Every structure is written in structure tokens, then in C-alpha cells.
Amino acid sequence: MQDFGAAFGQAFALILSGDADLMEIIALSLRVTILAVAMACAIGLPLGALLAVGRFPGRGAATVFVNALMGLPPVVVGLGVYLLLSSAGPLGVLQLLYTPTAMVIAQTILVTPIVAALTRQVVEDLHAEYDELLRSMGARRLGVIATLLWDARYSLLTTALAGLGRALAEVGAVIIVGGNINHVTRVMTTTIALETSKGNLSLALGLGIILVGLSILVNGLVMGLRGSAARLAYA
Amino acid sequence: MQDFGAAFGQAFALILSGDADLMEIIALSLRVTILAVAMACAIGLPLGALLAVGRFPGRGAATVFVNALMGLPPVVVGLGVYLLLSSAGPLGVLQLLYTPTAMVIAQTILVTPIVAALTRQVVEDLHAEYDELLRSMGARRLGVIATLLWDARYSLLTTALAGLGRALAEVGAVIIVGGNINHVTRVMTTTIALETSKGNLSLALGLGIILVGLSILVNGLVMGLRGSAARLAYA
Amino acid sequence: TGPSQAEDKFIVVQSTTSTQNSGLYDYLLPIFTRETGVEVRVVAVGTGQAIKNAQNCDGDVLLVHAKASEEKFVAAGYGVSRADVMYNDFVIVGPGSDPAGIAGGKDVTAALTKIKDSKAVFASRGDDSGTNKKEMALWKAAGIDPTADSGSWYRETGSGMGATLNASVGMGAYTMSDRATWIAFGNKGDFEIAVEGDERLFNQYGVILVNPETCANVKADLGQAFINWILSDEGQSAIADYRRDGKQLFFPNAKMS
Amino acid sequence: MHDALTSPARQRTTAAAPAGAIWPVALEDASFAAGDKTLIDRLSLQLTPGLRSIVMGPNGAGKSLLLRLVAGLLRPSAGRVTFAGQPLDETLRRRVAIVFQRPVLLRRSVAANLTHALKTYGVPRGQRAQRLDELLSLGQLESIADSPARVLSGGEQQRLSMVRALAAEPDLLLLDEPTASLDPQATAAIEALVSQAAAKGVKIVMVTHDRGQALRLADEVLFLHRGQLAERAPAETFFAQPQSAAAQAYLEGRLLL
Amino acid sequence: MHDALTSPARQRTTAAAPAGAIWPVALEDASFAAGDKTLIDRLSLQLTPGLRSIVMGPNGAGKSLLLRLVAGLLRPSAGRVTFAGQPLDETLRRRVAIVFQRPVLLRRSVAANLTHALKTYGVPRGQRAQRLDELLSLGQLESIADSPARVLSGGEQQRLSMVRALAAEPDLLLLDEPTASLDPQATAAIEALVSQAAAKGVKIVMVTHDRGQALRLADEVLFLHRGQLAERAPAETFFAQPQSAAAQAYLEGRLLL
Ligand SMILES: Nc1ncnc2c1ncn2[C@@H]1O[C@H](COP(=O)(O)OP(=O)(O)OP(=O)(O)O)[C@@H](O)[C@H]1O
Ligand SMILES: Nc1ncnc2c1ncn2[C@@H]1O[C@H](COP(=O)(O)OP(=O)(O)OP(=O)(O)O)[C@@H](O)[C@H]1O
Ligand SMILES: [Mg+2]
Ligand SMILES: [Mg+2]
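Protein chains in written order, with our numbering: chain H, 23 to 257; chain C, 23 to 257; chain G, 78 to 334; chain D, 825 to 1081; chain F, 825 to 1081.
Honestly, the hints are just simulated from the structure, not real lab data. Among the hints, erroneous ones may be present.
To be verified - Stretch by stretch, here's where chain G covers chain H in the computed footprint (C-beta under 8 angstroms, at least three residues):
id	stretch
1	110-122
2	170-177
3	191-202
4	219-225
The structure displayed is predicted, hence computed values, not measured ones. For every residue, glycine included, the Cβ atom is placed at its ideal position computed from N, Cα and C.
Model the full assembly from the supplied sequences, consistent with the hints where possible.
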């Protein structure tokens, strides 16, 4: 049990110390995560909505496939991106391996199916209500999707937050394509993994507590903004 | 690119060979995952519904907290469970460390917030519609939750599938508390991690392809069952 | 679950990844299990984590390669006694193009100096593992503090040997690996051994029984039986017999008393 | 509805008389505001058993809000709503039933909707099947008992909501335009049911825009305008000589502003 | 509704005449089945511009389904629905507008619901603000323009649905009990609007259970019973001497089985 106590102690000491390395790591974690979630939403929201409203052959199979991709193992995604970006790989000339960009790419691949699958569900539920109205108005596919995504935006926040959680917590992919290189691609989760492998369990746990605190902060912020937005505007 | 080709080749060869070790590993992966998701649903569904319908002080904070816990880093969960179950830890006498049970516990902790947070959203959306009716009927809290969970069951499937995806893909926690012991606690993801660290990238990728195939299979099965259930019964 | 005949008769060995990744255990342990009916469950993690796990009583036997840490472990009362099991050596591997021009050399400090001077990329595990400690000692011997350049030509991957090798191949960076892991490694690309044979690259593995007096749950009999076996002529010759690509990976050097 | 024997009034006598008095039900200076709009404006009102009260008033007058306040579904932003001097509590709640203007139906079959209601109202499991049959026949819903409730026609949905409320065997029945989408026959049947229930002592408060219906059913009329009780009068008086300008304009179909 | 100048008919003339003819709109032996129930049963019917057609029939007769079939929202399970001999296509779709029995409103403000409709109907951005004002005043919705549409009173929701449909400037307007929850003034206003639109050439097909309303508005009555067209007659004939037993029973408020 003393490990847990020590972990909290370490967490507080670290935060209070304002350790420059730690700040650098936190900043990179946030940058990579937020970029990846933004990209995943840019792809996943319309894709999920399309799966929800589309009436095309293979829609059921596509839905199962996207749902299944929520179970994409991070290590596999990491490997795939590694093989693409490695000097010997097809995209090697871009020299992206072991850069934050590579990490964003890997996380985007991981998070997009989550956003798309959950979006499909939310939008489908709303579509059940709006379908006849929108069809009767002669709305085009794109307009339907835009309408549904907009009206479901508060519910879709939770979807984005699920993606955020996944990206923030993820280590398997980013450690492969980022390499956990000190001062370059080291983020919170890879640091935690490193300290764990060093046997510095309470330090690792302390960092974990900071990461969860970060997650709470971001979530609180998002929900707070959502609250004010919902209160202010009803457009 | 030849790595990807090799990976598919390896995947097919492995499946066709019906390798006994592989079958053992797949079976354990499925067992651990399904148990963990079942437990996470048993806790997360009512918890999420409670957050959706409850009117208690601190509900907003609790919601933010549960949402934030979707970002629990697997390594941290693994560490926490390790410290609890370790012989030196408070639950050491149970001798659960490095057993599949420990893996189920760790995954349950990881997946429960996901199920709870997504359930809250789904149930809250439905509750907006049912709230006045159920209150006017004098339904008690438990009855309200049961009604909402039942009527939202098809939408909640996607929630459970999100949890399943997370559990199936997860490696950071299970490798710490399971130890990736050959024939005892080795699952698909830990095998993939091991092969990756051995530099057997195309074998690792091949195993990843099998894991994704497994995920597609399970998802297809679930959606298929859902389809027949929805067609058959309207109780 | 494991073979049913060994349902209760098993021990947990906390070990490093190199012994596992090189396939040694897959060869060695079945022999022991066949003879004694005792199953050996290996938890292969970083050296630091392995020692920490053993300190937490989550293993019966510790088998790692960080002699100083091991002796500290025993001195602190966590282990009963330490015995040498086997050794191999470290090698510096690098891309075939050999940007630092060190290939074929034997003097490791000279090679490291050349790497620094040419600013050729070098990947360090940077994880305080046995390998990492050895590497840092070699830099020190060369009079270089590479961490000052961390992030530029010197890259600390903060990962295990396998991951660091993958990263090196991906970046075209030199790195130091134990020979066993290197030989067994599957993703070599165009990489080759650049420096080997310096006696400062010696890599000793030791085995320790976790102290049953500090850890009541330790299966001292079974653990000791395993240690005795691995140090015995039979165990030692089994180690010597293990080969990959025709090469011997570990060299037994137990001094049974 | 064609079978008067299964009217709720009969069933009420079979249930144990619930403890606790609810009369009078009173709004005391109750207001309800949303944003900066006062939608119900310091309304005071007493309801006692006996007379059938019909609530009329233009669209947006606050009729539905009033019913919701009485049912305890909205909390007044000022003033209070009391039942025999007390606020509505859980035990009293089931003695008040409401039929919403826009039916709210569970995503289940017609029969399952009713079974759910019976369960919620605490009808013992053994009696539910029989009660279900009675309610289905009361609402002429037998032929669509297994249809999903949400695909029913507008009139069918209203009938289902109505019998579901009757299943509660309430003392106070709040009806919000329950016949707005019903055909003449179903309207007549509902009116008969309402009269029967009233005769057995169930207090009826019903919103309608249908003047003919109000004439047929009302003992007294509550006329709401802009969230205020503009007029309360016996039915004959109200229709013959409405006192308030608002009521006069309403009855003549003139624009009210 | 109080401002006849902003009636949809006026606005129609300002819009470019859409290409392609839709008349006659015809059901040819159209059926609609769900599960094993035939809900619309081989119905044949022609609609031509001019006469205001009122659809009557008991609850569950299939009136709403008929409107949905005509609007192209349901696909007949047998037979077909044609517009000038062709199936409904995207370009024709906007010339048919429908007001549902149960209003479907977006989770937006009243104004945003209308703006969304204007956008969907292809009204150029520059004209939307003015059209919005016209529609709000047409529906007497100015004072609640910024309220969330889903908290509106029943009558307000119906008025909003009505003006939203008018915003489409349709050639064929399908109305499903559009005044069921309206107060007498709003009912009169809607009836006036309907008559005006009809006078300008918009074909009206309207479902109602209100005999008085039918008498006021109907040029002809379509009487549906059990998914079949039991009777189609000029209004005077229908109300004076209904031919079918079903229509007789319906008008007398007798039970139809
Ligand atoms: N939550 C809310 N926020 C803002 N305005 C509201 C809210 N709820 C109701 N209103 C407004 O309050 C007024 C009264 O609504 P209510 O539903 O009681 O009318 P009503 O008398 O039942 O009318 P109708 O005959 O059309 O059903 C309406 O103008 C409505 O728009
Ligand atoms: N998807 C469906 N599955 C099964 N039954 C359906 C479905 N849709 C409609 N029905 C049934 O079809 C019948 C006709 O429905 P419709 O809504 O057209 O009636 P209506 O004539 O409009 O009645 P009302 O006057 O009550 O509005 C009803 O009995 C309804 O229960
Ligand atoms: Mg109302
Ligand atoms: Mg209808």
C-alpha cells in the first residue's frame, strides 16, 4: 500500500516542482492527442453518419467492420505505420518515423474507428426520428448528414471524449512509431512504460496519476464549455 | 511493402496450420476479454444509467470523472492492480498475480469507465424522452434504470462493442499483471508485443491480422444476433 | 493454463527480456520440466522491473544481468545468494553503410568517440537496464557525456532491447545489444555487427533465489532445485547446446561450489 | 371502451384504498418561468373531487404546463403545489395519472407497454395477464396488441395512453386533449369512459379545444390565458355568458393578443 | 395567418416555375404491408389539381399511411405510386410537401427550424431572412422565434410544421390533421390559409376527423376503411347520403368493425 501513498506523493512533488522535462512531455502528449482526435473526428464523424444514413449495399458489413476496428491492437497499428514510414518502407522518403507526426498518424488510425462506430450509433438513433421529415423535404445526403451531426453534437461530444481517452492513454502504437526518444517523441504514456520497466513503480504510478488528472482537466473543460454552449445558444 | 505481404502470408499459414499454441492463445484472449467485458457491463451499464437519470449532488463531477477515466492508461491500471495483487500487496494472499483472473480484473477496470460513460450518453438521450412519463407513473429509480437500459439495448450494444474492442486490443495492463507467461497468461496482444520485440515484425503483423479477424468475427456474430433478435421479438 | 501435471508444481522466474527473446528458455525449460515435473513460469521484463518484482516477492527466482544491482539485492536481504550462470557479450551494431566508419573495430571506446565526432546517430536504450548501465559505463570510459546531446545524434529510446533494435533499424542508428538478442533478432535490415570482441563488452548473467525469510510465499525447494539444475553440469551443457543459426548464444560459466 | 364492465372505476373498488388524503389539490400563487418568460403567472387554484373540470384557452396559454405542475412533473419557480397541504410525495404520486398531449410510448409492443405500466403501478404478477386483457379491450387494442407501439396510428396511440393511465386507478386523472386525433366513435367512447370514471369519484381535469366536447362533459370550465386563470365558471354560464374578454374572443374564434 | 399577403400562394408566383409535370398523381393498385398485415390494400386513386380532397376514416384506417405513400416516404409493397406516370424522383420531391400528424421538429429554435427548411428547399441565402420573417408572422410565431422548438405547446408545434411545409411552395400539400390541437382562432386561420392556397392552384389533400371542418373545406371526400377506399364523393353528397355502410357508421359515431 505504501506504493500508492508514495505515488501520490511523487505526483504532487512532480507537479509542484514544475519540472521542465515533465512539462515538455505533457505538452507533447496533449499536442499529439488533440491533433489525433481532431483528425479522427474530421474523418470519423462524417463516416459514422454516412454509415447511419446511407442505404448502400454492403452497409451492414461496413458497419461490422468499423465496429471491429475499435479492436485494432495499438501494437499492430504501430507496426503497420512503422513499416510504411521506415526508411525501407514506401513512405520512407518523407522521413516521418520517430517524429510526433508519425505518432499523430498512428493515433488517428486507432481513434477514427472508435469515433466512427460510436457516431454511427448516435446518428442512427437520431435519424430514426428525423428520417421521414428530411426525406419529405427532399434533403440531399450531405444535408441530411450535416443536419444530424449538428443536432446530435452534444451526444457526439461523448464520442469524441471516448476517442480522446483512447488517444491519451495509448502507448503501444506511439512507442513503436515515435520511439519514445527523449526530448523528441517522449510522451506521458511512454514515460510511464519506461519508468515501469526501470522498476520505478511509484514514479510510474505518480505519472499515471498526473495523466489521469490531465484527462479530468480536459474532460471538465470540454463538459464545462458544452454546458455554457447549451445554455447560451439554441441555434 | 513485402512485409505486409509476408504478414498476410504468415496469418493464413498460421490459421491453416491450426497451430495448437496459437489456438490456446486465441482461446485465452477470448476468455479473458469476454469475461472482462461481461463484468464491465454488469457494473458499467447500471452505473452509466444512474449517472444519466440520477439527480444527486456531484452528478456533473461524477460524469466528468467517469468520462475522464476512459483515458485511464493501461500501464497505470496494470501497475495499480499489480501493486494490489503482488505478494507484498494487500491482496497478495489471494495469489492472483500472473493468472488470467488478474488480467480479467485489470481489463474490467479499464473497460468499465468506457461502458459507463457511453451508457450515460445513450441512456440520457432516451431519458429525455421517457423522463416525464416514468415520473408520472411513479416509477422508482431502479425501475426507471431497468426500463431505460432495456429499451436502449440495441444502442447499448455498440457501447459493449466499444468495450470489447478496447479489451481485445489491450496489452499494457495484461502484460504487467499477467506476465505474458507462456501457456499460462499469454494472449494475442502480448504475443504480438513479444514477437515485435524479437524483431519478427511480419509474424507480429500476421498475428495482428488474425486478431482483427477475430474482432470482425465476434462483431459480426453480435450484430447478426442483434439483427435476428430485433426481427423476431418486439417485447 | 499450463500442463495439468504441473498445476501446483511451478515456480515463477523474474527475468530479463534478452534471455526470453533469444529463445533460450523455450529450449532450456522443457528439459528441466521433463526431468522434475516442475513448470517454470517466466516473467520477462526490464531488469529494473524484474528486480522490483522480486523485491515484492512476486517470483521465486531472479535471473538477470546487472551484477551490481544483483549484489545489492542480495545484500539488502531480498535474495539468498547469487551465482554466475553464463555469459555472453555485447556488440555494437549499425547500418551497413557505416557512417561513423567503425566497422571491424575491436576497441569500443574508440568506436564510441568516432560516433560522437561524426555525429552518427546512436540509439541508447536509456532505460537503466543492465545493458544501458554497461553502455553508460563505456561512454564514461571514453570520456563522453552523450546525454548532453540527447535528442540530436544521441537518442534515448527508453525501451527494451528489441524495441531499441527496431528503432535503430528504422533510424539507421548504431546501438549496443547483447549478442543473443542480436542473433535471434528478426528485423535486422542491412544491419551488421560493427564492433565486437572488446573484453569490456563482457556480459554476465546471474541467478538468485528470492529470500524465503523475507518472502514467505517463495517456493524455496522448487526454486533451489531449479537453480541447482541450471548450475549443474547438465544444465550448463544444455545452455552450451543452445544455438541459433549455428551460433552459440550463451556460454555457461557456473562455479559450482 | 365498448365494455363498461371493465371501466377503471370498477377496478378501483377492488384495490385496497390507498392511505393518505390528497384533497384539496391546490396551486398557491404558483408560477413557472423558463428563461425570462413567465409562462404560468402566480396562479392560485383549488381542485376538489366531484366536478369535471375542463380547461380551455388559446394555444400557448399554459394548459399543458398547468397539468404538468399539478402532476408534480414541473417544479413551480415560485409558489407551491400542495396535496392536502403537503407537497406531492412518492406514495401520493400514483394516485395522480396524466395523459400527455403528445403520447409518450415505450419502444415496446402495445401489450408490453401496458404490462410495464401494470408492473410499475405495483399490480401483482399473477393479476397482470387478466388486467392486460381488460385494458386491451377497453382501448380496442386487441388486434394490435403485438404491434410496436410507436408505429400505431395517431388515434391508436392516444387510446393506448388513455388506458395506460386508467391502469393506475388514479384519484385524479389529468387529460390533455385526449380525443384530438380520435374518430367520432372513439371520441364518444372516451367521453363515456370519462363520465363513468367521474361518476365513480375520479376527479377529472381535462384540456380540450373542442367546444362541443366541453359542453358535453364540463361541470365547470377553467379558462386560461397567458398563464393566468382568466375565468372559472360553471359550464353553462361560461358558454352562455363568458365574463372575460379573452374567453369571449376565444369562443368566437377571434384572434387573442 | 392574419396576413394574407404573405400567403404561400403569393410567394409561389415569385419562384421560377419548376420543370416537369407531376399530374396526375396516381396510386395504381398500391398496397402496403407490414409483417403479415396488409395495411393499405390494393388502393387505386388519381389526384388532379383543383378540388380540395379531404380524407376521412376511422382510426387506423390507413389515412396517414396513404399520405406517406403519396409523399414517397413509404414504398408500396405492391403496385405503384406515379407522378405523371413516373415514379417520384428527386426533382419532383420538393413539389410535394407533407405536414405530419405528429410534428417532427429539429432540436433547434423555431427560427432555426425554418431557416433549415429554407436552406433545404434551396432558397438563396440572401432571401432567407425575409422569408423567415414572413413565415414567422404567417404562423404567429414571432414571439417564440428563439424558443427551442421542442418545448412549444402542441398547437404551436403544429403551426410551425404548417408554415415549414408552406415554405416549400409545393404543388401538392398533404396535411395530416393539421388543426387537431389548435384553438378555434388558429383553426380558422389555418382553414383560411388552406383555402387561399387551393385558390392559387395548390392541390390540398387533408386528413381530418372534424366533420365541421370537412364540411367547410371539402370539395370531395375520400373515405378510407381498413386500408381500402370505401367511398369517394363530392362533399355534399358524402355528408348528406353516404353510400357505404362504413361511412354511415363513421359519421354517426358508431363502432366500426
Ligand atoms: N421549457 C420551456 N421553455 C420556454 N418556453 C416554454 C417551455 N415550455 C413551454 N413553453 C412555452 O409556454 C407556453 C405554454 O405552453 P403549454 O404547452 O402549456 O401551452 P398549451 O396551453 O398547452 O397550448 P396548446 O393548446 O397549444 O397545447 C408556450 O408558448 C410554450 O412555447
Ligand atoms: N410499420 C407498421 N407495422 C405494423 N403496423 C403498422 C405500421 N404502420 C402502421 N401500422 C398500422 O396501420 C394502421 C393504419 O395506420 P395509419 O397511421 O395510417 O392510421 P390512420 O388512418 O392515420 O389513423 P388515425 O386516425 O388514428 O391517425 C394502424 O392500425 C397502425 O397500427
Ligand atoms: Mg398543450
Ligand atoms: Mg393518422
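Hint by hint, work out which the structure violates, then give me just those numbers in ascending order. 2
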